[in-house]
Every structure is written in structure tokens, then in C-alpha cells.
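This is what each chain is made of:
There are 2 protein chains.
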Amino acid sequence: MSHEIDSDASLKEAEDKAEHRLAALRGRNFQIDMTRGKPGREQLDLSNGILTVLTPEDCFGADGDDYRNYGFGTGIPEAKALLGSYMGVRPEQVIAGGNSSLSLMHDTLVGAVLWGVAGGAAPWGEGTKFLCPIPGYDRHFAICERLNIEMINVEMRDDGPDMDAVEAMVAEDPAIKGIWCVPKYSNPTGAIYSDAVVDRLATMESAAADFRVFWDDAYTMHHLTDARPKVKNILEACTAAGHPDRPYMFASTSKIVHPGAGIATLAGSEANIADLAHKMSFQTIGPDKLNQMRHVRFFGNVDGMASHMEKHAAIIGPKFAAVDAALSQNLGGKDMATWKRPLGGYFFSVDLLDGCAAKVVRLAGEAGVTLTPAGATFPYGRDPRDRNLRLAPTLPPIEELRQAMAVFCACVEVVSLRKLNSSA
Amino acid sequence: MSHEIDSDASLKEAEDKAEHRLAALRGRNFQIDMTRGKPGREQLDLSNGILTVLTPEDCFGADGDDYRNYGFGTGIPEAKALLGSYMGVRPEQVIAGGNSSLSLMHDTLVGAVLWGVAGGAAPWGEGTKFLCPIPGYDRHFAICERLNIEMINVEMRDDGPDMDAVEAMVAEDPAIKGIWCVPKYSNPTGAIYSDAVVDRLATMESAAADFRVFWDDAYTMHHLTDARPKVKNILEACTAAGHPDRPYMFASTSKIVHPGAGIATLAGSEANIADLAHKMSFQTIGPDKLNQMRHVRFFGNVDGMASHMEKHAAIIGPKFAAVDAALSQNLGGKDMATWKRPLGGYFFSVDLLDGCAAKVVRLAGEAGVTLTPAGATFPYGRDPRDRNLRLAPTLPPIEELRQAMAVFCACVEVVSLRKLNSSA
Numbered sequence: 001m002s003h004e005i006d007s008d009a010s011l012k013e014a015e016d017k018a019e020h021r022l023a024a025l026r027g028r029n030f031q032i033d034m035t036r037g038k039p040g041r042e043q044l045d046l047s048n049g050i051l052t053v054l055t056p057e058d059c060f061g062a063d064g065d066d067y068r069n070y071g072f073g074t075g076i077p078e079a080k081a082l083l084g085s086y087m088g089v090r091p092e093q094v095i096a097g098g099n100s101s102l103s104l105m106h107d108t109l110v111g112a113v114l115w116g117v118a119g120g121a122a123p124w125g126e127g128t129k130f131l132c133p134i135p136g137y138d139r140h141f142a143i144c145e146r147l148n149i150e151m152i153n154v155e156m157r158d159d160g161p162d163m164d165a166v167e168a169m170v171a172e173d174p175a176i177k178g179i180w181c182v183p184k185y186s187n188p189t190g191a192i193y194s195d196a197v198v199d200r201l202a203t204m205e206s207a208a209a210d211f212r213v214f215w216d217d218a219y220t221m222h223h224l225t226d227a228r229p230k231v232k233n234i235l236e237a238c239t240a241a242g243h244p245d246r247p248y249m250f251a252s253t254s255k256i257v258h259p260g261a262g263i264a265t266l267a268g269s270e271a272n273i274a275d276l277a278h279k280m281s282f283q284t285i286g287p288d289k290l291n292q293m294r295h296v297r298f299f300g301n302v303d304g305m306a307s308h309m310e311k312h313a314a315i316i317g318p319k320f321a322a323v324d325a326a327l328s329q330n331l332g333g334k335d336m337a338t339w340k341r342p343l344g345g346y347f348f349s350v351d352l353l354d355g356c357a358a359k360v361v362r363l364a365g366e367a368g369v370t371l372t373p374a375g376a377t378f379p380y381g382r383d384p385r386d387r388n389l390r391l392a393p394t395l396p397p398i399e400e401l402r403q404a405m406a407v408f409c410a411c412v413e414v415v416s417l418r419k420l421n422s423s424a
Numbered sequence: 001m002s003h004e005i006d007s008d009a010s011l012k013e014a015e016d017k018a019e020h021r022l023a024a025l026r027g028r029n030f031q032i033d034m035t036r037g038k039p040g041r042e043q044l045d046l047s048n049g050i051l052t053v054l055t056p057e058d059c060f061g062a063d064g065d066d067y068r069n070y071g072f073g074t075g076i077p078e079a080k081a082l083l084g085s086y087m088g089v090r091p092e093q094v095i096a097g098g099n100s101s102l103s104l105m106h107d108t109l110v111g112a113v114l115w116g117v118a119g120g121a122a123p124w125g126e127g128t129k130f131l132c133p134i135p136g137y138d139r140h141f142a143i144c145e146r147l148n149i150e151m152i153n154v155e156m157r158d159d160g161p162d163m164d165a166v167e168a169m170v171a172e173d174p175a176i177k178g179i180w181c182v183p184k185y186s187n188p189t190g191a192i193y194s195d196a197v198v199d200r201l202a203t204m205e206s207a208a209a210d211f212r213v214f215w216d217d218a219y220t221m222h223h224l225t226d227a228r229p230k231v232k233n234i235l236e237a238c239t240a241a242g243h244p245d246r247p248y249m250f251a252s253t254s255k256i257v258h259p260g261a262g263i264a265t266l267a268g269s270e271a272n273i274a275d276l277a278h279k280m281s282f283q284t285i286g287p288d289k290l291n292q293m294r295h296v297r298f299f300g301n302v303d304g305m306a307s308h309m310e311k312h313a314a315i316i317g318p319k320f321a322a323v324d325a326a327l328s329q330n331l332g333g334k335d336m337a338t339w340k341r342p343l344g345g346y347f348f349s350v351d352l353l354d355g356c357a358a359k360v361v362r363l364a365g366e367a368g369v370t371l372t373p374a375g376a377t378f379p380y381g382r383d384p385r386d387r388n389l390r391l392a393p394t395l396p397p398i399e400e401l402r403q404a405m406a407v408f409c410a411c412v413e414v415v416s417l418r419k420l421n422s423s424a
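One line per chain: the protein sequences are B and G, in this order.
Residue numbers for the first sequence follow the numbering used here, beginning at 1 and rising by one.
Residue numbers for the second sequence follow the numbering used here, beginning at 1 and rising by one.
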């Protein structure tokens, strides 16, 4: 449906209507949080069984190793096998770590800055640059900013980053040491890297011999529909292309079991694993092996993880459908917003008219709906066009979510129409 | 009992006897590991109840916060209260972290190198130095070496480091940014810092305005006898002396519950906590709150921790007594070794004749008893006199421990007598 606004009078009338609708919604004193990708209570209940699944008899390895004691600095074999299957790599290519993949990413980058990477000639010093597909994940960008790594925006498309731009810059500039990738159900757009993009990332020439792909496979089983897209294995692709040390793969079970009480993993070539295990040996005697075993007992194997994720999808799939429905119903055909319903992950990415994102966040906040700050999905928190917003639909109950979306859409209309009227 | 060796002939005879005794022990094909401070199986069994203590109903805070979800980046209030009591500080002076105090120490030092400390003028750059009481903990020294922090040996005494030396160097040299301290049952000597030493650490002038005491309170409740020595509170002492930001206090429950599955803590002034929490906010979304709650449920309060530690003492106290008995019986009065039975902690420190430590480790290894490498208790792994060894008596069952000590003492006799005979 296309809805044409063809005169100044009808534009003004539309604005008035939208303002009225918003005023009515404000009167309802909502308090709804859509800032972060937090699971809702029903999802958390799915994993209650993991809390008590591990008994004293379960704490031993096949060879009788007592996992209640020190040892196994890179994780227990059972967890490496489980996480290896999850990531599509062999157990010896896996470090089974603590509770946070963000820590693994942060510490890997800190390690590169302080000591360099496997096969690298020197630490990543002054002037290091990273490519950042935009919009992207704010916590990735925050680590780079913190380490004075200059971030370069690259356009994100439905099938991954703009590879023409990536290839040209990486081939040209030896200071570009890495790129952030969320390959499946990318945060926040839901993009899925095509095989062609994976192959180009794997085969491209890099001016930096120690170039790395930071492959944050955060949502590989986090489906929202019946689609089961497969992303080509980056480690296999890079190895086949003669760049086995290029990818660092990350994942965690934080959005599979209970956030903060999951287990994180880092996968890569044997050389990378040896280098990172060496770095970790100064930092820790080892991860929480009992929590790793808890996962192994709870899931059994990767099929257990997959069927567990079906239950998550059944809970949050309808929430994403509700967001999509609200956007279509309220903003469809009005040329004020573009979005694409994601097939998985935790976010909706919505592009508004230029200059409208920050205003919508402020207005929604005044109406009781807290959104992720405008710009958060960009390096340095700066959206050059001030138009992208990230919606996180998982936490609120679906009825609240519908109310939040009514507020959001009303705010988009008001801000957009104010802009159109002021420039009319 | 003093046993005089007054002629070359009797020295040679003694060596022959010792060699025979060792040969007989070698024939028994021992395989005993005394390298690290690992609890024994009986100790691990003490904490089996923690595995299943946390039920889904227990995962909520007093205000209804759901600890199964994201949030509480510096730990949950219940864990801060418990760990605060354990450390003798207020909850707001506590970060309740992940599973490893070593990580907290490592990351705090990395953070100081990359970004500086609270109130500091600049990052801790090239030329930073640390004071290291010797003998000490190898993992502390490894972090410094890794970060190119120059380590300066300071003599460790029964009541703490040689404070005359510490004060003189710290007042003089602005590149000295810190000192490692294990204040109670010091690793490995079992030294207990006196009130006077704590006061001098707190009040001394430092050339570096951002000087820090890294206070690794690893063994505060890890008693081995009925003695309950108290160490003066370093945070209170420093605060009273006008240096509130001087101490970083660390501890963990790794040797209280199950190693690797405990919780670690960092305590300090509000300024330090704010600075470190900010640094952590880039590294992690938060610690494993459910494991924190598991501790809270298992112990109830700090008295629960204390009575739990009595059970550990009942198991390992006799092991330390057995080590002391073996040393006294075999080496007493022979002027080959000095040691002091510790009142707590995990180690025995034994000083041999100069130049004998590495040889004893090699000989014991050949006889099936693996000891911590000679030099491990010194910066850069270099014991200037090659005489100190660390014994870790907790892991082997007591019968094996007695066998290991027979081997150890025979090795000390053989190596010492070889030395005396070769120089006779």
C-alpha cells in the first residue's frame, strides 16, 4: 500500500493526527525497556533445568580427571567437543572459556595490542585500524575506541559488508589489521553473510600479513522463523585459501541458557589457539569447568542445543512478527522508515529519514519507551545520517511490546512529519 | 638435637648411606605430584553440596531482580555483602567478579599499563618497576615479566617484607609503581604481615603518586592450626594514612569450594572500584551471577565460610604436620635445610644449602616425586642462591605424602652431602 502525501495541508493534518495519537499514548504512562537484547522471563525459564543438572558424580572426565580441581586451562574436552560442533570446527581448534565471549574478544584485541598475534611481526601499535560494517554492535566498537584503534565505516548489506570496499582498503593499507563480522543474523540488521562474501573475506589479499577477521558468531542457532540459513565456514574457507590464521571465531551460550551463566568459546587455527592459550596462561588458571560440564549434561550434544533453540524461537518469533506487523501497519508505504524482518538474532534495524533517529529516541523516552540511543550502532556513537535505530523486542511481554511499538511508530510519524513540514 | 659431622670419613659415610636409602626409595616407583597447591579429593567432596544448592526460586534479588538475565556488571549485592565480610570491607568497596582472582590481578595490571590507574597522571609505561618480596608466588611474577615490568627482589621475613628496604626504594624511585603482597600465610613461606608492616605500607611516602599495593589475600581463612592470626586491614590503614587508593585487595573462593568454580573479588576505595568497573565495562557484560548466588545459598554468610574452612583444616592440617615431622626427623639438626611450619595457606617453604635446590628437584623427579621447579618462587625464575623449594602437601593422600617426604629428605641429604664432600 502506498500512501501519498501530496499537499502541505494534508502534511500538516497528518502531523496533527500523529501528535494527538502520541499524546494519547503518553497519557498511558508506559515504562517499557527496549534498549538491549535481553531474553524475556519465559526464555529464562527454559533453562532452569541446568541449575541442578550437575551432580557430584558428573564431575569427572572419561579418564577420571576431577573437574572439581585445577587444570584444563583451555577448557574440558567435553565442552570443546560440544562447542566445536556448535561452531563447526574440531575440538582441538576450540578454547572453551569463561562466561563471556565479549571478554574473549576484548582480551584477544588487548593481547594483539600488547604482544601481537600468532605469526605477527610486532604488537598492533599506534595507528592500527579496523573495518566496521555499519550499522553494527556497539560493544565491538567500544573496544576499538578504548584501544585507540581507528574505525573505518563499511556499508553493511543484506549479504554482508560491501566487499569491493573491504578488498580495496585491506589490500592497500597495512595499518588495517582487522574487521568485525557478525556473520549470521548480524547485529542489528539481521544480515546473513553469503558464501561469496565469506569466500572473498577468506581469499582477499591483505597488506597486513597479520590481518584478522573477528568472527562473532553470536547467533548461529538463534533462529526466528523456519528458515535455517547456513553460513559458509570461515575457518575452512580461510584455510583453503592459504590464510588459516585469519579468522578468530567467537560464540557463547549466554542467549541459549542464562545470560552471564553461559560458556564462551574462541575457535581458530592451531597456531592461533596455541598463541591465545599461551596468553591466557598468564591471566587465569582456567575456566569454570563445572559450568562447562553443566552445559554438557544439560544439552547432551549439539542436537540438544538445536532443539533447545527451537523453544526460544517459539517464544520470541511472535514478538518479532508483532514488531514487523506494527511497523507495516503504521509506517508502511509512508516513506518514513525502512526495515527488514530478520530471520534470526535479537534485533530489528530501522532506518528513518535523515536526522530523525535521535529525536525519535528522545520522544519515545518521554512517552515511557526506552530505546537504544541513536548512533549506538555506529563507531564512536556517530550515525552520519542520524537515521538508524535498533529495536530489541525480546524482553517485554508481547502485549507491552505492541504498546511500545505503537509509541515508537507514533514518534516516527511525528518526528518525520515535523521534519517534512518544517522543510515544506 | 644437633648432629655433628666432624670428619671427611663420616661425611663420606653419611653420603653413602643417603645414596643407598634413596636408591631403595627409587626402586619403589613412586608417582607423586607435589608441584602445585591443589586441594585433595576429600577437600573437594566438602563442597559437593554447592553443585545443586541453587534452585530456580533462588535466582532473584531482594528487589525481584532476575539474576538469570543480564545486568549487575560488578556482581550481585548478595555476593558483594558476603565477599565484603570475608575481606573486611563494605559491599560498595567490592567488585564480585568471575572465577579467578588471578584474572582480576592480571587485568588490573594490564589496565594500569594501557590506561593508568584512578587518579594517575598517565599509563604505567616503559620502565615501570615492582617490588617483589622473595620467595613469592610465581604467577604474580609471571604477569610482571609478561608486561615488561622490572621486578626488584625484597627480602621476605616472618612478619612481611623488609620494610626498611621497601620504604627506601619506594620513596626514592617514581618508576616503582607497586608491590606484591600475600599478607596472611604468604605463598610460600607462610609469613603473616605484622600490624607494624601493614602500617608502614600504608603510611610510607611514595615517589610515584599512583603507587599501588597489590594485596592478594588468598588465604585469609585458610588456617592449618588452631591459631587465628589477624592481619590489620590494609584498606582502613591506607585510608587513615591519607592513601585510600593505594591498595587493591584480591581474593577468591577457589580454595574454599572447587578450584575454577569459585568466585573472585577485588576490593578497594570507591575511586578504585569506579575506575576498575569502568575498565571492566568494556570487557564484559558481567560475571556469572548464578554462581555468585550459589555461593550465597551454600554459605549463608561469612560464618558459614569460616566453619567450612574448619573442615578443610581438619583434612590438610595433618598433612602439614606430617611434612614437618618428616623434615624434623630426617633433616633436623643436620644444617642442610631450614623451614618453618606454616599456620595456614598451602605451602611449605624450605631453604637448602646454596646451590642445592635445582639438584634436589631433579633427583626427586627421577625418584618419582615431582616438585615445583627450583627458582619458581623468584622473579624471572631465578633464585640467586638456588636454595629455596616450595612443597605443596595438600594433593597427595597422607600415606603418599609420607613417601614423598622420605624421597625429598633423602634427596636433600644426598645433594647436600655431595656438595659438602666435593668441597671438603
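Mixed in with the good hints, there may be bad ones.
Because identical chains share one entry, a pair is satisfied inside a single copy or across any pair of copies.
[To be verified] Keeping only pairs whose Cα atoms sit at most 27 Å apart, straight-line, the calculated DSS-like set for lysine-lysine is:
(1) Lys38 / Lys279
(2) Lys230 / Lys334
(3) Lys129 / Lys38
(4) Lys340 / Lys38
Don't read these hints as lab results, they were simulated from the structure.
Q. Any of the earlier hints contradicted here, and which numbers?
A. 2, 3
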